[in-house]
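Required output: the full structure, derived from the provided sequences and hints.
Number of protein chains: 2
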Amino acid sequence: MKFEKLVGERFKERPSDCVIDSHALMIRGGYMKYVGNGIYSSLLPLKRITRKIEQIIREEMDGIDGQEVQFPVVMPASLWQESGRYESIGSELVRFNDRNKNPLVLGMTHEEAAVQLVRDYAQSYSKYPFMVYQIQTKFRDEARPRGGLIRVREFTMKDAYSFHTSQSDLGDYYDRCHHAYERIFTRVGIPEVISVASDSGMMGGNISHEFMLMTSIGEDSIVICRGCGYKANMEAADSVIYNERDTVSNKITLVHTPNIHTIEEVCGFFNITKEKSCKAVAYQRNSDDSYIVVLIRGDLDVNETKLTNHLGFDIHAATIVDECELAAGYIGPYLLNNNYSVLYDKSLENTNNLVCGGNVIEYHYTGLDIQRDIGNVMYHDFVKIQDGGICPCCGKESISISRGIEVGNIFQLGTKYTKSMNMTYIDKEGTIQYPIMGCYGIGIGRLAASVCEVHHDDFGPIWPMAIAPWQVHICAVRSDDNAVKECANNLYEELLSSGIEVIYDDRAVSAGVMFSDADLLGVPLRIIVSPRNLKESCCEIVSRDKTILIKVALDLTNEKILELV
Amino acid sequence: MKFEKLVGERFKERPSDCVIDSHALMIRGGYMKYVGNGIYSSLLPLKRITRKIEQIIREEMDGIDGQEVQFPVVMPASLWQESGRYESIGSELVRFNDRNKNPLVLGMTHEEAAVQLVRDYAQSYSKYPFMVYQIQTKFRDEARPRGGLIRVREFTMKDAYSFHTSQSDLGDYYDRCHHAYERIFTRVGIPEVISVASDSGMMGGNISHEFMLMTSIGEDSIVICRGCGYKANMEAADSVIYNERDTVSNKITLVHTPNIHTIEEVCGFFNITKEKSCKAVAYQRNSDDSYIVVLIRGDLDVNETKLTNHLGFDIHAATIVDECELAAGYIGPYLLNNNYSVLYDKSLENTNNLVCGGNVIEYHYTGLDIQRDIGNVMYHDFVKIQDGGICPCCGKESISISRGIEVGNIFQLGTKYTKSMNMTYIDKEGTIQYPIMGCYGIGIGRLAASVCEVHHDDFGPIWPMAIAPWQVHICAVRSDDNAVKECANNLYEELLSSGIEVIYDDRAVSAGVMFSDADLLGVPLRIIVSPRNLKESCCEIVSRDKTILIKVALDLTNEKILELV
Chain A
0 MKFEKLVGER FKERPSDCVI DSHALMIRGG YMKYVGNGIY SSLLPLKRIT
50 RKIEQIIREE MDGIDGQEVQ FPVVMPASLW QESGRYESIG SELVRFNDRN
100 KNPLVLGMTH EEAAVQLVRD YAQSYSKYPF MVYQIQTKFR DEARPRGGLI
150 RVREFTMKDA YSFHTSQSDL GDYYDRCHHA YERIFTRVGI PEVISVASDS
200 GMMGGNISHE FMLMTSIGED SIVICRGCGY KANMEAADSV IYNERDTVSN
250 KITLVHTPNI HTIEEVCGFF NITKEKSCKA VAYQRNSDDS YIVVLIRGDL
300 DVNETKLTNH LGFDIHAATI VDECELAAGY IGPYLLNNNY SVLYDKSLEN
350 TNNLVCGGNV IEYHYTGLDI QRDIGNVMYH DFVKIQDGGI CPCCGKESIS
400 ISRGIEVGNI FQLGTKYTKS MNMTYIDKEG TIQYPIMGCY GIGIGRLAAS
450 VCEVHHDDFG PIWPMAIAPW QVHICAVRSD DNAVKECANN LYEELLSSGI
500 EVIYDDRAVS AGVMFSDADL LGVPLRIIVS PRNLKESCCE IVSRDKTILI
550 KVALDLTNEK ILELV
Chain B
0 MKFEKLVGER FKERPSDCVI DSHALMIRGG YMKYVGNGIY SSLLPLKRIT
50 RKIEQIIREE MDGIDGQEVQ FPVVMPASLW QESGRYESIG SELVRFNDRN
100 KNPLVLGMTH EEAAVQLVRD YAQSYSKYPF MVYQIQTKFR DEARPRGGLI
150 RVREFTMKDA YSFHTSQSDL GDYYDRCHHA YERIFTRVGI PEVISVASDS
200 GMMGGNISHE FMLMTSIGED SIVICRGCGY KANMEAADSV IYNERDTVSN
250 KITLVHTPNI HTIEEVCGFF NITKEKSCKA VAYQRNSDDS YIVVLIRGDL
300 DVNETKLTNH LGFDIHAATI VDECELAAGY IGPYLLNNNY SVLYDKSLEN
350 TNNLVCGGNV IEYHYTGLDI QRDIGNVMYH DFVKIQDGGI CPCCGKESIS
400 ISRGIEVGNI FQLGTKYTKS MNMTYIDKEG TIQYPIMGCY GIGIGRLAAS
450 VCEVHHDDFG PIWPMAIAPW QVHICAVRSD DNAVKECANN LYEELLSSGI
500 EVIYDDRAVS AGVMFSDADL LGVPLRIIVS PRNLKESCCE IVSRDKTILI
550 KVALDLTNEK ILELV
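Line by line, the protein sequences are chains A and B.
For the first sequence, counting from 1, position 87 maps to 86 in numbering that gives the first Met the number 0; every step adds exactly one.
For the second sequence, counting from 1, position 213 maps to 212 in numbering that gives the first Met the number 0; every step adds exactly one.
Hints are supplied without guarantee of correctness; some may be wrong.
It does not matter which identical chain is meant; a pair holds if it fits inside one copy or across any two.
Subject to a maximum C-alpha distance of 20 Å in a straight line, what follows is the list of computed DMTMM-like cross-link-like pairs (lysine to aspartate or glutamate) [unchecked claim]: (1) K395 / D288; (2) K383 / D313; (3) K383 / E218; (4) K126 / E8; (5) K4 / E58; (6) K4 / E59.
To be clear, the hints were calculated from the coordinates, so they are not data collected in a lab.
Right under this line is the structure:
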């Protein structure tokens, strides 16, 4: 391919709307173009990269007995009504009507389609286990697309669905898929990806893992234990909190606390530590604005994902209006109007002598003993785990929090979809059973962007050979020089016929322009043909990552390149 | 791949809702599954076929300097508002709003996206010509999906867009693409595809061709001249009609014609030929139900596609209600209430002494002379060309009409999109110009189904080697026989390591079941390992199309297969 024919703009200035490097470089390098909020077109270099990533994934999926299929992008709503997700998923699921007013949805995940595809086929235990996967466009109406290809609304994804007759068979397959994922991330050039325990969210099921590329620009928070190596998404990590009750529970007493608002002020006023306070955080349900009050120990914060998963519906921070009778800033559990859903975090278990809001403006209670004053309540885990917290695995105070990009995920779904969609099989004993499912996703574009995040410098991406848009970039510096032109042409033809993927720049531009464009394209090996080199009958081979910089005799160049590729 | 692991149902009965063979066989053979009206999932055999077709197309598009890109499935409505098609296209374009009430569309074609992708890049003549293409899912809300993959709502398409600085450059590229298409159809196994002149419809532009597979189940009507070889879609073929005026124009006279309804009855009553009658056909505009009256010679019919293209909006056959003052069955051009749009077909040019409706129930006029009685009117071509009609190319009465499936199309678009979307470049003289576009489409699924239509028998598809889901199908008949099992296993491993794509059936089923399943899978070469064959230390190689049926010594099988593949 001639560089001058490559469609796409390349430019030097970092676009002002690009926060992360991969986004900026992929816009600057003519890899992709903005079409609308969270929607991009891909140009040839990115298309070549993603096709190579897709092929690696395909090989690994075939290697674990996957069968490539294709589900529809547009599906009848009835399929999602069967599983119950038509109602339970929020506005990220696009719903619309066709010309005959039949409701349709845009696929954002395909558990329903997978069950529909195989439920007539797999009615006997002898058909199991099996896995089907596809590589396909999806649309998820994200509230806040960002980071270029890291979080978009339209994206290409490999999604796989496995079906099993026992939990142990699913467990075995889940492990095989985990290994296949490790191979995929290694092959595309980011072996540093780690897997962490994750929350299953809207997918249902219980055991799940996310594959995380640890980077400061990641949008997920990962809990890692410096002691035992425990790793989990913050949303999925159980908090461990120890309390000790005072020997005597004081009487509960309403105290006037004028101008005392924050937890710090409350603790200062009463001369107590935050651990001895009970904080109330108010939310509202998105659908009807009803109030939910979460009570938690004063030194801790609520992890809203944990809370949402517990509730099973979407919420937002409460706006406290006069009519609602909540005393903003002074909410507490004692004598709280029972019009509200009240939830207790497990950090309040085994406590007494707490200070809490008095449910009257400028009043607090002291001496709260939940067990005595409220009665038996259920405690749940809503705590946002903090750096230095206690590891739920080894029990030591060795938790650190880092940020990561989720580049893949695997879920054990159980029978959530097979039961709701009535997919059954007859087991060996002739009994009707529900198959057990697993599902396994990788976002192709996000993976490409993640590789770019890890492998780039200020001048452009440094693509690993396995997914590079081309393998070799020939720069004919001073192509107006006939000897240069001829030599570069010959090299180009020779490499092509050796099966090498070559991009060839013979434009009449300065070496500076040529090299900065080549840097943006990030091809791993560069051959420089120039009048100076030709005087020595050689050319330069330079690797994009600068680890290779050699002069090679012209007649040995092809051979050397084959060796390096 | 082991046959027993292949996900998908295979069965003998032709599904009652399948009208055409390819549809029936691809459902019966576990290639695809119905999900909703005009929406299917593909299973592994079809996915393998379409991936091979896509690769052939990709090679041919790369061969004519195409650059693979990817446009979004979901696009902002604003892009389609720029071109004007957001308003002009009917309900086949899916429109919906996102969570923030921004209007979006589902891509059914990507001229707008192509212009948006390249218009910032291609601002100088030196960037031209270039072509970008994609292979991607599209959704078109067809009113009547039918024929399995022949007409669906969701489909995968290769669509290409080329940009040029002169009509002659577009013409040259158009020809190159025409040749590439011929190579594609030949490579996938249907070299009999012909190209015919076509109508550009909603695409705009002027010159266009459709690639047609001639078959009785086709939904397009193709005009072919038995004399000069002229070929065109019926919608695009100009009609040629000769009239001769009588020397004397009689006076126009209203005549009572009780119980005279049809053209035949009218001609019988007045003792004239149909050529001497003027028929009125009434339509209504879809958007507002306003009436359009088309006048045409009594022996001819209206081609509604020609009419729609002339009007630029969608219509349906009129329902004549009392309030509209049209005299159903007696409509004529003379003294017709001028509330209606009236159009004259060119078959009425140079006529007189016509009989036409009297615009009063049970009355007709005789002696109509349009020029004298109506005045100067514009004549347009709305005629449905008939078998035996006059060829617009050679002028002989040698038109025949055949049916075909459109498997591809190419259009010269002119500046329709570049002008409306303000894409410009500076030419050599420094003048601002609009580039000229071409576009080129092939439906992947329809092409697969078309190959199946041509290549099948009662028992299943007969896939050409180039696109077959596998190259070789091993049938181990009586796999409970250890010798059979071992021999078949060895052959399987040997062929796999020779790089052959093998599907291997070692199920404990009868030879009948095994062979009928193999027929449905349509793999070109079959190896039969059976106890009987093993007695002679050989196996049978049978081709699916029955042209090959040989016994081969076991140790030569691998070699023979490599030769045949």
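Hint-by-hint comparison with the structure:
no.	hint	in the structure
1	K395 / D288	neither (40 Å within a copy, 77 Å between copies)
2	K383 / D313	within (18 Å within a copy, 59 Å between copies)
3	K383 / E218	within (15 Å within a copy, 62 Å between copies)
4	K126 / E8	between (52 Å within a copy, 11 Å between copies)
5	K4 / E58	between (32 Å within a copy, 18 Å between copies)
6	K4 / E59	between (34 Å within a copy, 18 Å between copies)
Checked against the numbered hints listed earlier, the structure breaks hint 1 alone; every other hint is satisfied.
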